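Undergrad: Sequence:
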Amino acid sequence: MEIDVVALFPEMVTAPLRASIPGRIQERGIATIRTHDLREWGLGRHRTVDDAPYGGGAGMVLRPEPVAAAIATLRRPDSIVVLLDPGGRRFDQAAAHELAAAAHLVLICPRYEGIDERVRALVDREVSIGDVVISGGELAALVMIDAVIRLLPGAIDAASTDEESFASGLLEYPQYTRPATFQGVSVPAILTSGDHGAVRRWRHERALERTARLRPDLLVGRRLSVHEAAVVDAAARPAPGEVDPTGIENPTGDG
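First residue of the sequence shown: 1, per my numbering; consecutive thereafter.
Any given hint could be a false lead.
Said to hold, decoys possible - Quick list of the computed label-pair ranges, beta carbon to beta carbon:
1. 213 / 46: 51 to 61 angstroms
2. 93 / 227: 23 to 33 angstroms
3. 185 / 18: 31 to 41 angstroms
4. 90 / 56: 26 to 36 angstroms
Treat the hints as calculated values from the structure; they're not laboratory data. Source: prediction; values computed, not measured. For every residue, glycine included, the Cβ atom is placed at its ideal position computed from N, Cα and C.
Between the sequences and the hints, there should be enough to build the whole structure, so can you do that?
TA: Structure (structure tokens):
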């Protein structure tokens, strides 16, 4: 895979991608990531890329000409051009898998008050990393790049991505390591039983429970077996002494 990132502060993208897994992926030639300063396509002697918004208001808006020129320079027949934008499709694991199948990505990172509206017609898709305001698209691009390139063949152990959160539509099950007992809490005995089938069942049930408690939206529309439905139902009930969303306390844990 090849990725070209267009940003006003490319160093915010370049430095983190040299470390850890992204750095190793590039060293192995699995992915090539290039960063470009939008001012390469800036206007005039001062390489201007922004201007005041028509209609007034605070801040500056990125002009369409530099962005359009960058896209025209970098786009290839096999490219997917992505605009990082709060109004775009929410980036999730399914979207990461879709983009991991691409040969070439061009990521456009807005700044300031955003980008001239006419640029939207020049991109293939708009993507948001969540309902939060950050200083610019550089950090959003980092999130997207890391999520995508770790899915490439040979990037990391395939088993690692098979059981991660969202890989099966669920949050990941709880993980434990040494010591066997920490601050009075012991590792569940089943994890040291040597019964691999029982461990798989336990992990699946715990993943269902955690998802039901923390991200019930992920279970909407999911087809559950009778046993899975019972696990989800039990996890959704408030524990003894807890108050459920209706404000009713459950003193016994019996529902």
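Undergrad: Which numbered hints turn out to be false for this structure?
TA: none
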